[in-house]
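The chain contents come next:
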Amino acid sequence: MEAIIKMADINKEFKVLKRREGIRGSIRDLFSRDYQILKAVNDVTIDIMPGEMVGYLGPNGAGKSTTIKMMTGVLEPTSGEILVNGRVPYENRTRNAQDIGVVFGQRSQLWWALPVIESFRILKEIYQISDRDFKDNLEYYDALVGASELYHKPVRQMSLGQRTLCDILAAFLHNPSIVFMDEPTIGLDVSMKSKIRELVGRLNKEKGTTIILTTHDMGDVDALCKRIVIIDKGRMIYDNDIEHLRSYFGAYRTIQIQFDRHAEDLDNEVLQQQALEVEAWLRSEFAGSESIAVSMEENWIQILINEEEVHMMDVVNCIQKQRQIADMNLQEISTERVIRKIYEGGIV
Amino acid sequence: MKKEKRGFAYYAHIYKMILLQDLKSKMSYRADFIISTIGILFTDVAGFISFWILFQNFPEIKGWHYYEVLFLYGFSLMAMTPVQCFFDNNWNLMEALYTGNFMKYCFRPINLFFYFISEVFDIKGVGQFIFGVITVVYSWNKLGILLSFRNIAGFFVGVISASLFMIAIMNFAASASFWMSGGTSQLMILMFKFKDYARYPIKIFNRAFQIIFTFVIPIGFMAYYPSLYVIRPEEVTVLTYLTPFYGIVLVYLSYLVWMKGARQYSGTDS
Amino acid sequence: MSNGNKPGASLKRYAAVLRGSIMEALSFRASTFLRIAGNLIYLLIIYFLWRAIFDSSPVDTVNGMSFYDTMIYLVLAAAMFNFMDTFVVYRIGDDYQTGQIVLYLTRPIEYQPFLFFSRLGNCVISFFVTFMPTFLIVYFVTKGSIALGINLLFFVVSILLAIGVNFCIDFFVGIICFYTQSVWGVNIMKEVVVSLLSGATIPLAFFPEVFRKIVDVLPFQAIYHIPLHILTDKTMQLPDYMTSLGIQLFWLAVMLGISRLFWKGSVKGLTVNGG
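Protein chains in written order, with the numbering used here: chain P, 29 to 376; chain X, 869 to 1138; chain F, -19 to 255.
Hints were generated in silico from the structure; no laboratory data involved.
All C-beta atoms in this analysis are idealised placements derived from N, C-alpha and C, irrespective of residue type, glycine included.
Heads up, a few of these hints could be off.
[What the hints assert, rightly or not] Partial selection, computed: residues in chain P whose CB lies under 8 Å from chain X:
id : residue
1  : 122
2  : 137
3  : 149
4  : 150
5  : 153
6  : 154
7  : 185
8  : 314
9  : 315
10 : 316
[To be verified] Cut-off 30 Å, straight-line C-alpha distance, at most; resulting in silico cross-link-like pairs (DSSO-like, lysine-lysine):
id : chain 1 : residue 1 : chain 2 : residue 2
11 : F       : 170       : X       : 894
12 : P       : 163       : P       : 181
13 : X       : 972       : P       : 152
14 : P       : 163       : X       : 1071
15 : P       : 46        : P       : 34
16 : P       : 34        : P       : 152
17 : X       : 894       : P       : 163
18 : P       : 163       : X       : 884
19 : F       : 123       : X       : 1071
20 : P       : 254       : X       : 972
21 : P       : 46        : P       : 67
22 : X       : 1061      : F       : -8
23 : P       : 152       : X       : 1061
24 : P       : 46        : P       : 221
25 : X       : 972       : P       : 34
[To be verified] Sample of chain P residues at the chain X side, in silico, Cβ under 8 Å:
id : residue
26 : 102
27 : 123
28 : 125
29 : 126
30 : 141
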């Protein structure tokens, strides 16, 4: 099977302004400016197959949206080769746009003051969707999420969840082969999140649409994506199955401990101090193992260890020698934790 | 198979759809519509009062009399209507670029400028149009201009051509936001202010400004040159006859610049 | 304007807001340069327009105004417009429509003075970027027709009062947007009324008797007419200056009072209806 998106050695550079500080700096900026070359995307190579659902992850400013903009033909790469549906997107922006859909979690692309169904009708004309396809899709949407209840409401009167739902439906209306989604579940409550995830999952399966999903929400990734691509500072640092990632970190465990029965009553600073102490003890005891990381989360001191390097019991004993542990928990590593680990440490 | 090229009929059809829908939804903001229309009428009445006060103190300006200048004023108000009704979204361009909302216009298989501009249709300008018509009719009458085919046809061709200049100027001004970071609505405000001088016969300015108002910021075409054909046929210049062609060329150029800016903008956003 | 318990502390707060707004205004380089350029072009247009108008007149002085007087008056009015046009109405309308306004109520800083100081930065920049250069150019172009004496001191005080009056009117009009849902329309009405009746478009001296009488009992003259009159009228004596400033002070007090009352009443409505 031929890849639907092919990117080879893609680079993208931007010129950015360096601002000076203070009022004096602001005045100097009026007259002379310093620019800096920023490599937003650095040698990225990805192949995406038809029907895949890919989680595209990375911290803010990592180059995610720049990559998406290149795939949609909005940006031209500084160098490298890119093909979407067999076409070079920036040379055929409008032609490429006919075959893709885009969803932004934060901004609606529908006409603000119009009832949704009117937005859909305009989109029908813009994309020249046949009457038959249009009707089929509306019926399908109705069966999927009971969408017709929303059709006569203007977007500006909708809740964020309803708006997101409609935006997603609108993006699939012209049966695009690829849909790009940028944080579709941002700002939604738990039940709406799972509703949106279910919708996206079904659209992917039943329509066979390729979906590229950028998100910060690990719940989205866990629920939807088999494959994940991680980018940091413009470089691709991971591209593989999500299972592979989990197995790679299979030996990692998180130990949660509390020294006091009522840790939730303690000051944050006291807990922070305890965490630092724990870290110091472990550092001196297990000087050779670099995987140990101590952090604080909701009154718990969290210790991340790699069992191939140190044994859990040794760690617990080491701490116990210094101070009585009041409560303890043991956790498998979560995807979120794994990805944070990758962002922070660059383990690949 | 889907068509690659999209013609005039395609765009006209979509524009009509958006426009009708938009009108419908405007009705739900009736208070805003009425207040805004009155607001524009305020501006026009104030402009009228200013003229009146001016001519109370000074009976003529370099041979131009009250009713002639009033004619120019009404003419320029009518010529302002299309830019206000159909191209008002240019005022939102800077904000759209600043917040990144402009991106959403880039993902449709449709002309970018068309898609952006079609989003807003503003009927507030209609009140101004009516005021302009009243002013023109009133001064036409007072000046005793013949109601001949030549004059009426010349007048309408003149108004339509004149309206092209304001469209072009505002397109140019708006597209500056693509290149300059932030705060460039200043340029649009500036241009919008300059248009207020279109109501004076540019002949009264000195040579340098006559050239500027003809070729650099062509507000001379927004009332003065085309009006000559009706109110002072003996003073008509070649520029009067050139107005429609020059207008078309400028609108097209402003469209090219706008589109170039849009492409260039996407290249610097992070 | 501050009525906090510790004037020192709240003054510091507002100073921080002011500093931030100056830096923000400066960061828009293009805008700053455009303002300078635009102001210069405007100055030239006014010059040639009124030159032509006065050239066509059989007399040199019309209603006590010579060409130079008119020129100084109108050009400086345009430069002052940059202080006065601070988008306060838009800001309030926007804060209302987005529901932000309720957030401001929870802050330890009052909305009205907060808004005033966050807009004042723009005034400070405008003073240096447009007003000063314009003033100097006009001074030289009119060959020293502006008297440089005690009137300058009164002029500065008068401008500060004018900014205050203008802000209070803007603030008042901004709150009207709570009730009309139309920011743009309300704002344009205000702009037209203010610029005509304050003498910003045509000096009040040219107004016919009847108009003049109406304008004299309205607050708008305190914004452009009085400061510019103080600057240009060479016949004014100390008592005249005092009367003029007194009128401004009176309008400042009245408008401040009215706008605060209106604000208090409207906020009550806000908290009852939940925005």
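Evaluated hints:
Among the interface hints, the one on residue 122 (chain P) holds; its C-beta lies about 5 Å from the nearest C-beta in chain X, closer than the 8 Å criterion. Because the closest C-beta pair between residue 137 (chain P) and chain X is about 5 Å apart, less than 8 Å, the hint holds. Evaluation of the residue 149 (chain P) hint against chain X yields a held restraint, the C-beta minimum of about 7 Å falling below 8 Å. With 8 Å as the threshold, the beta carbon of residue 150 (chain P) comes within range of chain X, its nearest partner Cβ sitting at about 6 Å, so the hint holds.
Residue-level restraint check for residue 153 (chain P) holds (minimum Cβ-Cβ distance to chain X is 5 Å; threshold 8 Å). At its closest, the beta carbon of residue 154 (chain P) sits 5 Å from a beta carbon of chain X; the interface hint therefore holds under the 8 Å criterion. About 10 Å separates the beta-carbon of residue 185 (chain P) from the nearest beta-carbon of chain X, more than 8 Å, and the hint is not met. For residue 314 (chain P), the interface hint is violated, the least distance from its beta-carbon to any beta-carbon of chain X being 41 Å, above 8 Å.
A hinted interface residue such as residue 315 (chain P) counts as satisfied when its beta carbon comes closer than 8 Å to some beta carbon of chain X; here the least separation is about 42 Å, so the hint is violated. Interface hint status for residue 316 (chain P): violated, as the beta-carbon distance to the closest one in chain X is roughly 41 Å, over 8 Å. Restraint check: the Cα-Cα separation between residue 170 (chain F) and residue 894 (chain X) comes to about 23 Å, which is no more than 30 Å; the hinted pair holds. A threshold of 30 Å between alpha carbons decides the hint, and for residue 163 (chain P) with residue 181 (chain P) the separation of about 19 Å falls inside it, so the pair holds.
Our distance criterion of 30 Å between C-alpha atoms is met by residue 972 (chain X) and residue 152 (chain P), whose separation comes to about 17 Å. With a C-alpha separation of about 62 Å, the suggested pairing of residue 163 (chain P) with residue 1071 (chain X) is violated against the 30 Å cut-off. Simply put, residue 46 (chain P) and residue 34 (chain P) have alpha-carbon atoms about 34 Å apart, too far for the 30 Å limit, and the pair is violated. Between residue 34 (chain P) and residue 152 (chain P) the CA atoms are separated by roughly 29 Å; this keeps the pair inside 30 Å, and the hint holds.
In summary, the hint linking residue 894 (chain X) to residue 163 (chain P) is supported, as the alpha carbons are separated by about 28 Å, within the 30 Å threshold. The hinted pair formed by residue 163 (chain P) and residue 884 (chain X) meets the criterion: a straight-line CA distance of about 22 Å does not exceed 30 Å. Proposed proximity of residue 123 (chain F) and residue 1071 (chain X) is supported: the alpha carbons are some 27 Å apart, at most 30 Å. A C-alpha spacing of about 28 Å is found between residue 254 (chain P) and residue 972 (chain X), which places the hinted pair at or below 30 Å, so the restraint holds.
With a CA separation close to 15 Å, the supplied pair residue 46 (chain P) and residue 67 (chain P) stays within the 30 Å bound. This hinted pair does not check out: residue 1061 (chain X) and residue -8 (chain F) have alpha carbons roughly 38 Å apart, beyond 30 Å. At roughly 40 Å between alpha-carbon atoms, residue 152 (chain P) and residue 1061 (chain X) are farther apart than 30 Å, so this suggested pair is violated. For a cut-off of 30 Å, the pair hint linking residue 46 (chain P) to residue 221 (chain P) is broken: about 39 Å separates their Cα positions.
At roughly 23 Å between alpha-carbon atoms, residue 972 (chain X) and residue 34 (chain P) fall within 30 Å of each other, so this suggested pair holds. The restraint placing residue 102 (chain P) at the interface with chain X holds, with a minimum CB-CB distance near 5 Å, inside the 8 Å limit. Interface hint at residue 123 (chain P): satisfied, since its Cβ lies 7 Å from the closest Cβ of chain X, which is below the 8 Å cut-off. Interface hint at residue 125 (chain P): satisfied, since its Cβ lies 4 Å from the closest Cβ of chain X, which is below the 8 Å cut-off.
This hint holds: residue 126 (chain P) has a C-beta 4 Å from the nearest C-beta of chain X, less than the 8 Å allowed. Evaluation of the residue 141 (chain P) hint against chain X yields a held restraint, the C-beta minimum of about 4 Å falling below 8 Å.
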